[in-house]
Each structure stands twice: as C-alpha cells, then as structure tokens.
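Student: Using the sequences and the hints, build the whole thing.
Here's the letter readout for the chains.
4 protein chains.
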Amino acid sequence: MTERIRVGVLGASGYTGADLVRLALAHPNMDITVLTANAHAGKPMGAVFPHLGHHDLPDLIKVEDADWDAVDAVFCGLPHGTTQEIIGEIATARPEIRVFDMSADFRLRDPAAYAEWYGHEHRVPALQREAVYGLTEHYREALKAARLIACPGCYPTATLLALLPIVGEGQVDPGDIIVDAKSGVSGAGRGLKENTLFSEAGEGLSPYSVARHRHAPEIEQEIGVAAGRDVIVNFTPHLVPMSRGELVTCYLRLAGATADDLRETLIERYADEPFMRVLPKGAMPATQHVRGSNFCTIGVFADRVPGRAIVIAAIDNLVKGSSGQAIQNMNVRFGLAETTGLEQMPLFP
Amino acid sequence: MTERIRVGVLGASGYTGADLVRLALAHPNMDITVLTANAHAGKPMGAVFPHLGHHDLPDLIKVEDADWDAVDAVFCGLPHGTTQEIIGEIATARPEIRVFDMSADFRLRDPAAYAEWYGHEHRVPALQREAVYGLTEHYREALKAARLIACPGCYPTATLLALLPIVGEGQVDPGDIIVDAKSGVSGAGRGLKENTLFSEAGEGLSPYSVARHRHAPEIEQEIGVAAGRDVIVNFTPHLVPMSRGELVTCYLRLAGATADDLRETLIERYADEPFMRVLPKGAMPATQHVRGSNFCTIGVFADRVPGRAIVIAAIDNLVKGSSGQAIQNMNVRFGLAETTGLEQMPLFP
Amino acid sequence: MTERIRVGVLGASGYTGADLVRLALAHPNMDITVLTANAHAGKPMGAVFPHLGHHDLPDLIKVEDADWDAVDAVFCGLPHGTTQEIIGEIATARPEIRVFDMSADFRLRDPAAYAEWYGHEHRVPALQREAVYGLTEHYREALKAARLIACPGCYPTATLLALLPIVGEGQVDPGDIIVDAKSGVSGAGRGLKENTLFSEAGEGLSPYSVARHRHAPEIEQEIGVAAGRDVIVNFTPHLVPMSRGELVTCYLRLAGATADDLRETLIERYADEPFMRVLPKGAMPATQHVRGSNFCTIGVFADRVPGRAIVIAAIDNLVKGSSGQAIQNMNVRFGLAETTGLEQMPLFP
Amino acid sequence: MTERIRVGVLGASGYTGADLVRLALAHPNMDITVLTANAHAGKPMGAVFPHLGHHDLPDLIKVEDADWDAVDAVFCGLPHGTTQEIIGEIATARPEIRVFDMSADFRLRDPAAYAEWYGHEHRVPALQREAVYGLTEHYREALKAARLIACPGCYPTATLLALLPIVGEGQVDPGDIIVDAKSGVSGAGRGLKENTLFSEAGEGLSPYSVARHRHAPEIEQEIGVAAGRDVIVNFTPHLVPMSRGELVTCYLRLAGATADDLRETLIERYADEPFMRVLPKGAMPATQHVRGSNFCTIGVFADRVPGRAIVIAAIDNLVKGSSGQAIQNMNVRFGLAETTGLEQMPLFP
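Chains as they are written, first to last, in numbering that gives the first Met the number 0: chain F, 0 to 348; chain E, 0 to 348; chain H, 0 to 348; chain Z, 0 to 348.
By construction, these hints were calculated from the structure, which means they are not laboratory data. Everything hinted at is true.
List of simulated lysine-lysine pairs, DSS-like, C-alpha gap at most 25 Å:
1. E/K192 - Z/K192
2. F/K192 - F/K42
3. E/K192 - H/K280
4. Z/K192 - E/K42
Remember, predicted model here, so these are calculated numbers, not experimental data.
Tutor: Below, the structure is given as structure tokens:
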C-alpha cells in the first residue's frame with residue numbers, strides 16, 4: 000500500500016499555493032488535509048481558484064485554526080516575517096512535522112544578512128540554523144534528515160542550478176558574475192498591484208528592483224559556498240509579458256576553461272538528475288519548453304569576447320522555481336522516488 | 000500487468016500531434032511506436048518539438064514507412080483528403096488496428112455534405128459509413144465496438160456538449176441557434192500563415208470564416224440528430240490572442256423551459272461524466288480554468304430578452320477539443336478506465 | 000491665430016483620462032490647464048503615467064481645488080454618482096463651461112432606468128434632461144449647441160454605429176438583436192481587481208456580466224429611438240487578453256432586406272464620415288487595425304441561416320470608445336474641423 | 000507654403016515599411032509617390048496592410064517599375080544584398096535622390112567586416128564609403144550633407160544612444176561591455192517563420208543568435224569610434240512576447256566615475272535632444288512607455304558590485320529603432336524641424 004503523506008498548505012490563495020495543490024492532486028502519496036488562507040477563511044478552494052474547484056479539497060481556514068494533528072508535512076507560502084512566527088510555533092509544538100517553506104524566511108543563513116535585506120531581526124534564529132537549503136540537486140543528502148527545508152527562490156533556483164557546478168570546479172571567476180534575469184508576471188504574486196495589471200504589464204518589458212532585489216543575497220550565499228569565498232553578484236531582474244516562465248542569462252569570465260568545458264561539467268554533474276536538461280551546443284533554452292513542468296534547461300555558449308562565456312537557464316517559476324521543487328524535496332525527505340508526482344510534460348504551445 | 004497499447008501518431012509535427020504525444024507519455028498504457036511527419040522524416044521529435052526532446056521516442060518517419068505491425072491504435076492528425084487515403088489503406092491492410100482520426104475526414108456522415116464543404120468527393124465512402132462520431136459523452140456505447148472513430152472538431156466538441164442534452168429534451172428551439180465561437184491561435188495549426196504570426200494575431204481580435212467555417216455542418220449534423228430534424232445553425236468563429244482555449248457562447252430560444260431547467264438538464268445528464276463541469280448559477284466559464292486539461296465547463300444564463308437563454312462552454316481546444324478526447328475515446332475502445340492518463344489539472348495561471 | 004480651448008480633465012489617473020491627455024497633447028487647439036485625480040493630488044502626471052511624464056502638464060490636484068476660471072471645456076472621467084455631483088456644481092457655478100462626460104451618468108434619459116441600473120436616484124435630473132448623447136455621427140446637430148454631452152460607453156459606440164442606420168431604415172427586426180461583445184482589458188479600467196491581473200486575464204477568455212451589463216440599457220435606449228419603439232437587446236460581453244480593442248458581433252434578423260442592402264445602407268449613411276469605414280464584402284474587421292485610432296470599421300455578412308445577417312464592428316475602446324469620441328464632440332461643439340487632432344493612424348503591429 | 004518631399008518606400012510590405020507609411024501619412028511635408036513590394040505588385044496597400052487601407056496611397060509596384068523622377072527621397076526596407084544593388088543603381092542614375100536605407104547594407108564601414116558577417120563581398124564599396132551612419136543624435140552634422148544615410152539597426156540605436164556619451168567621456172571601460180538585449184517579435188519581420196508564430200512566441204521567452212547576431216559588429220564599430228580603439232562587445236538578444244518594444248540592459252565597468260556621473264553626462268549630452276529622456280535616479284525605463292513613439296528612455300543605476308554600473312535604454316524598435324529615426328534623418332537632411340511628423344505620444348496602455 001502506498002504511503003500516505005497528509006499535507007497542509009499554508010497560504011493556499013496565492014499562485015504558489017495553488018500550484019502546490021495542483022501538483023499534490025496528481026501526486027499518488029499526498030493527501031491535502033489543511034488549506035489556509037486567512038483572508039478567505041470559510042470559502043471552498045474553488046471560490047478562490049475555480050480551476051481547482053471540482054476536487055475534493057478541505058475548505059480554506061485561518062492558519063490559527065489548523066489542526067496540526069492532521070498533517071505530516073506543511074508547505075508554507077506565507078509572507079516573510081509571518082512565516083517565521085508560524086513555523087516557529089509548529090516546530091515547537093509538533094517537532095515531527097516536516098516543514099517545506101516556500102517563502103524567503105529561512106534561506107539566508109546569516110541573520111545579519113536577513114536583517115539587512117528584510118528590515119527586521121530574524122525571529123527564530125535557532126530554527127534558522129537548523130534549516131536546510133532546498134536546492135534538491137545540491138543538498139539532497141542534507142535534505143533527507145531535515146526538519147525544516149528552506150526552498151530556494153525562483154531566480155536563485157535557475158541561477159544556482161546553472162552556476163554551482165562550474166563555480167565549484169573553478170572554471171569561472173566567481174567575482175565576475177552578471178545575472179540578467181527575466182520572469183513572467185506570476186512571479187509577482189496574486190496581490191493587487193498596478194504594475195501587474197494586464198494593461199500595464201502586457202505588451203511591454205521593464206527592469207525592476209535593479210541592484211536591490213532580495214534574491215541577490217541568496218544567490219551570493221550559495222555561489223560563495225561553491226567558490227569558498229564571499230562574492231558579490233550582479234543580479235538584475237526584468238518583468239516579461241507572460242504568466243509563467245523564468246530565464247536567467249549569466250555572463251561569466253572563464254578561469255582557464257572553455258565554454259565546452261563548462262557544458263561538459265554540467266552534463267556530467269547532472270547526468271543522473273531527472274529534471275535537469277543540459278542542451279547540446281547551439282540549442283537555446285526557452286521558457287515555453289518547460290512551462291508547467293519541473294524541468295530546468297541549460298544552454299552554454301562561448302562569447303565572442305575572448306575569455307568569456309554565457310550560461311542560460313530556463314525554468315517554470317511556479318514549478319521548479321517553487322512548488323514543484325518543494326514537492327521534489329518532500330519526495331526526498333519522505334524516501335519516495337524523487338520524480339513522484341512531478342512527471343508532467345511541459346505544456347506547449 | 001497493465002495492458003500495453005502500441006500507438007502510432009500520424010502527423011506528429013502539428014500541435015494536435017504534439018499534444019497527443021504529451022498526453023501519451025503520461026498515459027500508463029500507451030507506448031508510442033510510430034511517429035510520422037513527412038516533411039521532417041529522419042529527425043528526432045525533439046528537433047521539431049524541443050519540449051518533448053528528452054523522452055524516449057521513435058524518430059519521425061514518412062507515413063509510407065510506418066510499420067503497421069507495430070501498432071494497435073493509430074491517431075491521425077493529417078490534412079483532410081490525405082487522411083482518407085491513408086486510413087483507407089490501413090483499414091484494408093490491417094483491419095484489426097483501431098483508428099482515431101482527429102482530422103475532419105470522417106465526421107460528416109453525408110458524402111454530399113462532405114463534397115460540398117471540402118471541395119472533392121469522399122474517397123472511401125464505405126469506410127465513412129462505418130465511422131463512429133467520437134463525442135465520447137454522447138456516443139460511448141457505439142465507440143466500444145468501433146474500428147474507426149472520427150473525433151469531433153474543437154468547436155463542435157464544445158458546442159455539442161453544451162447543446163445536445165437540451166436540444167434532445169426539446170427545451171430549446173433547434174431552428175434558432177446562434178453560436179458565437181472564440182478560439183486561441185493554436186487552433187489554426189502550426190502551418191506558416193501571416194495571420195497567425197505573433198505580431199499579427201497579438202493584441203487583436205477578429206472574426207474569420209464568417210458563415211463559411213467547416214465546423215458548421217458538423218454541428219448541424221449532430222444537432223439535427225438530437226432534434227430529429229434538419230437544422231441550420233449560425234456559427235461565427237473569432238481568433239483570440241491566446242495560444243490555447245476555446246469558448247462558445249450559444250444564444251438560444253427557449254421552448255417552454257427556463258434557463259434553470261436547462262442547467263438542471265445538463266447537470267443531470269452529465270452527473271457521472273468525469274470531464275464535464277456544469278457550473279452553478281452565476282459562475283462564468285473561462286478558458287484559463289481548463290487550460291491543458293480535458294475538462295469542459297458549461298454555464299447557463301437567463302437572457303434579459305424574455306424567452307431566451309445563453310449557454311456558454313469552455314474547453315482547451317487541443318485537449319478536450321482534440322487529443323485528449325481522442326485518448327478518451329481510446330480508453331473507451333480498449334476498455335480502460337475512461338480517465339486514464341487524462342487527469343491533468345488545469346494549468347493556471 | 001488658432002483658437003485656444005482651455006481644458007480640464009477630471010479623473011486623469013484612469014486610462015480614459017490618460018488617453019484624453021495623450022490626444023489633447025497632439026491637438027492643435029487644446030491647452031490642458033486642469034488635471035484632477037483625488038488619490039494622487041500633488042503629484043506630477045508623470046508619476047502616475049510615465050509615458051506622459053515629459054510634457055508640460057499641470058500637476059494633479061483634487062477636483063475641489065480646480066480653478067474653473069481656467070477652463071472652457073471639462074472632460075469628466077470620474078466614477079458614476081460622483082460625476083453627477085461635480086458636473087451639477089460646474090453647471091450651476093459656470094454655465095458657460097462645456098462638459099464632455101465620459102462616465103455613464105448622463106447617458107440614460109429615463110431617470111427610472113438610471114435608478115434601476117445604477118442603484119440610486121439620479122442626483123441632477125434637470126441637468127440630465129439637458130444632456131445630449133454624444134454619438135457624434137448620429138447627434139451632430141444637437142451637439143453643436145449642447146452644454147453637457149454624455150459621451151456613449153465603448154460598447155454602445157461600436158454597437159450603435161453598426162446598427163442605428165439599418166434599424167432606422169427598418170431593414171432588421173429591432174426585436175431580435177443579439178450583440179456578442181468582446182473587449183480588451185483596459186475597458187475594465189485601472190482600478191485594482193484580481194480578474195484584470197496579467198496572470199488572470201492573460202492567455203484566457205471569459206464572459207462577464209452576462210445579461211446584466213450596464214451598457215445594455217444604453218444600447219436599448221438608442222436602438223429604441225431608431226426603431227420608434229421599446230426594445231430589449233441581448234448584450235453579452237467577454238474579456239479578451241489584449242489591452243485595447245473592442246469588437247461587437249451583432250446577429251440580426253432581416254426585415255425584407257439582404258445583407259448587401261445593409262452594407263449599402265451603411266456605406267451611404269457613412270459616406271462623408273471621416274472615421275467610419277464600412278468594409279467591402281468579405282473583409283473582416285479586426286481590432287488591431289484600428290488600435291490607437293478614432294476609426295470604426297464595420298463588416299456585413301450574410302448568414303447561412305436564411306433571413307439572417309451578421310454585422311461586426313471594431314473600435315479602439317479608449318479612443319473611439321471614449322476619449323477620441325469625446326474630443327470629436329468637442330471639435331463639433333467648438334466649431335473646429337471634426338478630425339482636428341484625431342488623425343492618428345492605427346498602430347499596427 | 001510647406002515644402003513637399005516626394006517619397007518612395009522600397010519594401011513597403013514589411014513592418015518597417017508599414018510604419019514608415021504610417022508616420023509619413025501624418026507628416027506635413029511628405030508625399031508618398033512610390034510604394035514597392037515585389038511579391039505584392041499590383042495590389043493596393045490596404046490589401047497588404049488593412050490598417051492603411053483607407054488612405055490615398057499609390058498601389059504597390061515592383062521596384063524595377065519605380066519612376067525615380069517622382070521621388071526626392073527613398074526609404075529602403077529591402078533585404079540586405081538586394082539593397083546594395085538597387086541603391087547602387089539609384090545613386091548612379093539619380094544622384095540627386097536622398098536615400099535613407101533602413102537595411103543593414105551600408106552600416107558597416109569596413110568592407111571586410113561586412114563580408115564576414117553577411118557572407119558576401121559588398122557590392123558597391125565606393126558608395127559605402129560615402130554613407131553616413133544615421134544615428135541622428137550623434138551624426139547630425141554629417142547627415143545634413145549626406146546623399147546616402149545608413150540608418151542604424153534597432154539594437155544598435157538603443158545601445159549606442161545609451162553608451163556613446165559615457166564611452167566618449169572615458170567614464171566606462173569600453174573593453175568590458177555586456178549588452179543583454181530584449182526585443183518584441185515585430186523585430187523579426189513579417190516573413191513566415193515558425194518561431195514567430197503566436198503559438199510559439201507567445202507566453203515564452205528565449206535567447207537567439209547568442210554571440211553571433213549581426214548587430215554586434217555595428218555596435219562595436221561605433222563604440223570603437225567613441226573609445227578611439229577597437230572593441231569587442233558582448234551582445235545577447237532575446238525574443239520577448241510582445242509585438243513592439245526593445246530594451247537593452249548594459250553592464251558596465253566604471254572608469255573612475257560613478258553611476259551618478261554617468262547619468263549626469265547623459266543628461267547634459269541630451270539636454271537639447273527632443274527624443275531623448277534620461278530618467279531621474281531610480282526610475283525604470285519600460286518599453287510600454289515609448290510604444291509607438293520616437294522616444295528613447297535611459298535609466299542609470301549603480302550596481303551592487305563595486306566599480307560597476309548598469310545603463311538601460313528602451314525604444315520602440317519600429318519607430319526610433321527604424322522608421323521614426325529614418326524620418327528624423329530626413330528632417331535633418333531636408334532642413335525641416337527635426338521633430339516634424341514625429342511627435343506622436345506613446346500609446347499606453
């Protein structure tokens with residue numbers, strides 16, 4: 000008989016929460032027992048997300064009304080700050096619950112960095128120390144025993160999957176990394192903001208949060224681990240008129256290697272990874288080719304500028320960049336086959 | 000052990016073919032053994048559809064090179080005319096192969112109607128007589144023994160699912176039906192046409208084939224069956240700047256019934272249908288809520304004009320409107336659970 | 000020397016207001032002297048609409064701080080209800096100011112209809128009686144002496160331009176009119192609503208306000224005038240994933256005329272109208288071909304259903320459907336050439 | 000009386016040609032006397048571009064049938080190679096005609112570079128030597144006497160407007176320039192290509208021509224002039240799901256200057272330029288805010304990486320990036336006010 004994992008989704012009224020539910024409904028081991036969304040407490044999920052309205056799901060409740068006895072795993076898509084308090088309470092009251100946090104609250108290991116970027120002290124620094132960074136392909140062993148898994152942000156996921164192996168091999172200069180990132184509008188969430196209205200974001204392109212996006216320190220933390228030293232990375236995101244999809248174009252200075260070497264390193268490193276697709280020379284990653292799936296596609300290109308290379312990665316920001324990766328981590332943590340429930344083909348066109 | 004169905008996809012380089020492959024890869028009983036695309040013979044599928052490039056699939060071949068010994072079922076997405084010849088050959092040479100035709104070639108029972116709308120005589124009229132119209136929810140019993148299944152067009156699928164029960168019950172006047180239809184651009188196929196370029200179709204809306212679209216006689220044929228008499232239906236399609244999705248808005252004259260009666264009829268008729276979702280009063284069908292899935296959503300509204308009602312249905316044109324429905328028919332034909340491989344949740348956003 | 004018209008725009012932070020300003024900046028006779036937006040008072044226009052930020056415009060102020068001495072004409076894009084109060088005050092205090100109201104507040108001549116559809120009594124019914132309905136092509140003479148011009152809604156504009164001449168000629172049955180309408184998302188305004196977020200409205204299509212949209216009584220009022228009797232019209236709007244553009248598909252029962260007769264009537268009626276383009280037989284109206292312009296394109300088609308015809312009109316909802324038509328009315332009212340400042344070509348692609 | 004300039008548009012069936020016609024129709028001095036499009040010879044312009052169909056325009060003819068007596072200025076939007084031959088013939092036969100070439104054929108001053116990037120020898124190298132590079136803001140004086148003006152590519156226009164002043168001032172290292180470029184789909188032209196179909200390009204993002212795009216040598220040529228030495232620039236374009244718009248994000252190493260210094264240089268350099276808008280600190284360029292207009296918007300940002308800066312420019316690829324700039328050059332060449340016919344406001348939303 001299949002193992003059952005009873006799952007709570009906190010913050011189920013956001014896009015990340017909805018995609019978690021979408022994937023969980025197709026996962027053979029997951030039973031959704033708790034769905035919270037404080038602003039919508041009392042409503043059925045179908046009132047908030049009609050595309051999920053025809054399934055047998057618990058009604059939305061306030062997070063304080065959740066029955067923690069009914070869950071083995073919690074997926075948390077709450078705003079930062081709030082997240083720390085609630086996860087802190089769960090960790091104290093129910094240490095046996097596995098927590099997969101999709102917010103930014105436990106990603107930065109250095110509390111000072113957290114305070115600098117998020118504007119307040121970390122509220123449960125002891126718990127922070129326990130958190131494992133949930134970039135599955137690079138933290139798999141640590142994940143197996145983790146109680147609290149801090150799932151990476153969408154941009155860091157794509158960037159780190161592309162760069163960690165080659166930085167780790169010393170093939171590129173970690174001190175000269177430029178990441179030009181592009182995201183679909185769903186990355187901005189379901190909150191009401193003028194700049195994400197259809198008439199504002201459609202048929203247009205703009206950068207945002209230039210030189211001050213909160214995913215930068217997260218990228219730097221992990222690149223730093225791979226490089227063995229502190230680094231500062233250029234990270235510049237842009238808003239693209241599409242709902243889903245994320246592409247990072249990484250401009251790199253080679254360190255005694257060629258672009259072909261980089262590709263070779265990535266191919267070898269990811270040979271056994273079910274969701275990683277390093278493209279052959281000349282092929283272009285495209286977000287439309289991973290849409291709705293947990294795949295990450297990487298292309299490597301020699302630059303015309305001598306001594307430089309370009310590495311480009313594409314993911315679906317809501318799947319591999321958030322909910323899919325969180326379930327991938329759950330699969331690892333609960334000893335399931337890692338691809339369980341995550342084998343959706345990309346939806347193209 | 001699970002029954003294996005060896006599947007050939009003819010015309011695999013079109014959107015319908017690609018979506019068939021996408022769904023087949025996730026279907027527990029389907030093994031793709033033959034993929035044809037004459038213009039691309041010799042290439043791997045990934046060269047034509049990169050999003051499918053990382054799966055174990057046979058290379059594309061010419062249809063004349065297909066090994067019919069290697070297939071139990073054929074899904075045919077070829078242009079009309081060509082389809083008749085090839086299916087005619089298969090039917091003669093290998094009568095045991097089950098054919099699921101996604102083209103228009105076997106949908107019209109009346110050869111004269113075919114000749115009128117398609118500009119040439121039907122080439123295998125005997126075979127035409129044998130074909131079963133593959134609107135699963137309405138022809139399920141006949142499908143179980145069919146050798147050749149003529150899967151409906153995308154527009155007829157949505158329209159007939161919405162209208163057949165209420166026409167059959169005599170609740171609306173079959174002589175006064177207006178169908179204003181709207182489709183995403185993928186419905187026009189992958190062929191190179193100026194009007195489906197991004198810069199032409201984007202940020203714009205236009206009608207096309209007004210009063211002369213080939214789906215009209217197909218709709219009329221089936222409405223006629225339900226009504227027990229010949230009918231002419233207004234059918235006016237529009238091209239909408241989205242890739243997937245189809246919505247039909249049907250304007251109806253009531254025949255002694257109310258809009259609530261219509262909704263009740265549809266709810267009862269489809270109560271046990273796994274892919275049919277008749278919405279509660281006031282809820283609006285939306286293509287984005289069925290995207291990528293095999294669901295059909297129907298809303299029923301009283302018109303302000305006395306004695307009139309509006310019935311609106313939404314589907315994904317490539318899934319329920321084509322490949323998904325074809326697989327649903329295959330499931331019926333091969334005695335599998337009808338939802339096998341078709342339980343993908345809609346992809347929203 | 001060119002006549003100067005000093006112009007105030009009330010509600011300048013909405014899309015209608017912004018497009019009015021865009022057009023006014025290119026108009027040789029208009030000087031913008033007052034811009035109000037209560038929620039943004041004190042800001043420069045460029046803080047609210049960056050695309051207008053590099054022009055010499057007055058800062059946004061509260062409507063109560065407007066200096067009515069500084070304006071000859073007021074364009075009003077305020078929410079309904081509020082509009083009545085403010086225009087009422089202007090009319091009393093400064094009867095010499097010409098008011099071009101782009102809200103719905105003075106469009107319905109019957110106060111009972113207003114109360115029924117808008118949920119409260121009309122606040123200045125005397126002023127209502129004075130208002131002229133600003134469908135330029137059909138009320139030109141009355142407009143020349145009007146003090147208060149109630150510019151039509153976007154849907155009524157397209158619908159009435161298409162239908163009034165043929166209803167007036169008795170060529171179609173005014174009792175059997177079905178208007179399937181489709182609009183770009185800008186029609187929903189700049190207010191923050193979940194359903195107009197990019198990730199919600201993009202790549203999808205849905206009906207809304209079925210059988211209860213407030214533009215229905217406005218259409219019925221004017222069709223009724225042309226028909227010489229009360230009518231009820233089916234009017235069903237849909238939200239289309241594009242920013243600008245509106246298309247109405249009108250299903251009509253012929254009254255002793257043919258589709259060719261209808262086209263002929265429209266061609267004759269609009270022969271001297273600079274913004275009306277009745278297309279030749281077979282040509283399809285498309286919103287992308289009028290984008291950004293004040294043009295209205297109309298196509299006429301015989302239905303396959305005997306005795307029926309289809310008339311389709313396309314406009315830019317923000318230009319001919321709102322701000323452009325308002326300026327057209329101003330040109331008429333102030334005795335300028337009607338096309339002054341409105342000769343922008345459509346922006347395609 | 001206004002000076003009349005009789006204008007021929009060669010290659011009028013492409014997007015660049017159509018936008019040239021759109022702008023010319025609104026230009027007080029331009030009379031279109033010749034329109035060529037070999038594949039559409041004999042058709043009216045409205046058959047090829049319905050949005051231009053209601054204007055008094057000459058029918059399309061073959062370029063060999065053009066009456067050169069009827070033109071004072073030629074705008075050339077032909078494919079490369081062909082361009083050289085036709086312009087060569089015009090230059091010989093009618094040296095008094097002013098030629099504004101919008102193709103790539105006369106942009107590269109070095110014939111070897113042309114041959115390398117375009118795969119064949121330049122066919123009229125003598126004429127090449129005479130060509131003036133039509134980046135108006137930087138070659139204005141030379142343009143005043145030019146017979147042949149090689150209008151820059153869209154990407155070079157945005158990039159060079161952003162970089163030339165600061166490279167010229169020695170404020171950034173010309174040897175370390177990375178240009179991450181993003182363009183709307185209209186930049187790929189109206190030719191039929193699978194990757195520019197709506198269903199392929201929509202809802203997706205991908206790089207293309209990485210490290211081998213033909214705009215790279217053009218950028219390098221001009222940066223080299225400003226730097227006083229040869230440079231190689233990283234240039235990586237991406238295809239964005241929008242019709243119009245182009246944004247270049249330039250990653251720069253500072254040379255003894257700060258980001259504020261760069262902004263100051265740009266503000267000073269462009270203070271009197273009517274189409275250049277250097278944004279205040281913190282403001283983000285956005286393509287939707289220049290759509291349809293001849294404006295170029297530039298933002299300057301300090302990078303978090305010490306010693307680096309980011310300069311971002313947005314244009315409409317078809318206007319400032321092509322047809323608008325060509326007309327701007329014509330205005331200069333014919334002694335008109337430079338903004339004549341080019342004062343269209345951006346179309347937003």
